[in-house]
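2 protein chains.
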Amino acid sequence: MQLTRFTDLGLRVLMYLTRQVGSDSVTNAEIAEQFQVSHNHLIKVAHKLGKLGWVETQRGRHGGLRLAGDPRQLRLGDVLRALEGAAPLVDCIQQPCVLRHGCLLKLALDDGLEVFFAHMNTYTLDDVCKGRTATTLLSLHRSASAGRA
Amino acid sequence: MQLTRFTDLGLRVLMYLTRQVGSDSVTNAEIAEQFQVSHNHLIKVAHKLGKLGWVETQRGRHGGLRLAGDPRQLRLGDVLRALEGAAPLVDCIQQPCVLRHGCLLKLALDDGLEVFFAHMNTYTLDDVCKGRTATTLLSLHRSASAGRA
Chain A
23 MQLTRFTDLG LRVLMYLTRQ VGSDSVTNAE IAEQFQVSHN HLIKVAHKLG
73 KLGWVETQRG RHGGLRLAGD PRQLRLGDVL RALEGAAPLV DCIQQPCVLR
123 HGCLLKLALD DGLEVFFAHM NTYTLDDVCK GRTATTLLSL HRSASAGRA
Chain B
23 MQLTRFTDLG LRVLMYLTRQ VGSDSVTNAE IAEQFQVSHN HLIKVAHKLG
73 KLGWVETQRG RHGGLRLAGD PRQLRLGDVL RALEGAAPLV DCIQQPCVLR
123 HGCLLKLALD DGLEVFFAHM NTYTLDDVCK GRTATTLLSL HRSASAGRA
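If you're matching them up, the sequences are chains A and B in order.
Count along the first sequence from 1, add 22, and you get the number used in this note's numbering.
Count along the second sequence from 1, add 22, and you get the number used in this note's numbering.
A couple of the hints might just be wrong.
Said to hold, decoys possible - With a straight-line cut-off of 30 Å between C-alpha atoms, the simulated DSBU-like cross-links for lysine-lysine are: (1) B:Lys128 / A:Lys66; (2) B:Lys128 / A:Lys152; (3) A:Lys70 / B:Lys66.
The set of hints was computed from the structure by calculation and includes no laboratory data.
Predicted model, so just to flag it, every value in this text is computed and none were measured.
Build out the structure end to end from the sequences listed, making use of the hints.
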């Protein structure tokens with residue numbers, strides 16, 4: 023039971039942008055390098071975050087990404103739900119199960135997933151970008167900035 | 023974010039044994055056929071359920087599986103936790119993340135997972151083997167019994 027790599031990376035991108043220093047946008051290439059993921063994968067994640075309205079994407083020479091809203095307003099349960107999509111915890115269709123019609127286990131797991139999302143909504147994006155995590159994010163931004171200079 | 027196939031199958035085996043008719047054990051082969059999974063995969067799952075003390079395994083000609091305890095006492099959160107193992111929702115090690123030391127996102131996700139397990143513990147194995155699910159399980163047992171006759 024793990025988040026998809028897509029969701030995992032989406033969360034890291036949002037965290038990186040939350041502790042952005044200054045007003046310059048951050049390029050996809052910079053984030054891909056910081057998290058050592060493929061540029062193509064990063065672009066897909068950034069596109070999705072843009073469609074969800076959580077990041078602004080800017081084109082051109084100084085183009086890149088920037089957080090669109092207030093990270094104190096963006097709740098982690100909503101982020102997880104949107105990035106994970108509507109997939110249930112068990113796949114009764116692709117791997118067909120004879121119990122699937124009206125299965126009470128499926129309903130119980132759906133219920134548990136809702137409780138999980140609701141609990142994750144007690145955290146905001148800002149909450150998980152504090153303390154030591156903030157320190158790490160800021161040092162990443164400083165090293166990227168030094169590389170550009 | 024999905025349960026592993028191992029956990030998924032483990033749950034189905036427990037459900038199948040919960041609505042077992044009569045006192046005969048159920049063979050691994052029968053369960054593998056009912057759920058259309060490989061016999062080898064089923065054997066691994068059955069072995070784990072045996073180690074956890076939830077099923078009794080009997081060898082010999084009439085050997086097979088049988089639920090070891092009362093399904094009204096076996097809580098789904100405990101089952102999920104044991105079958106999923108200690109894996110967190112994000113893998114910060116195998117896919118190394120620069121934020122992993124003291125990452126607050128990881129702590130928040132661990133917390134959410136605990137809340138999920140605790141909520142799933144409000145359900146027992148018996149709870150999810152009722153109603154239409156019980157009807158389906160009983161009809162599977164009847165068809166297997168007719169096949170043996």
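Here is what the structure says about each hint:
Of the pairs offered as hints, the one joining B:Lys128 and A:Lys66 holds, with about 23 Å between alpha carbons and a cut-off of 30 Å not exceeded. Proximity of B:Lys128 to A:Lys152 is assessed by CA-CA distance (about 13 Å); at most 30 Å being required, the pair is judged to hold. For the given pair, A:Lys70 sits about 39 Å from B:Lys66 by alpha-carbon distance, which is inconsistent with the 30 Å threshold.
In summary, the one numbered hint that this structure violates is 3.
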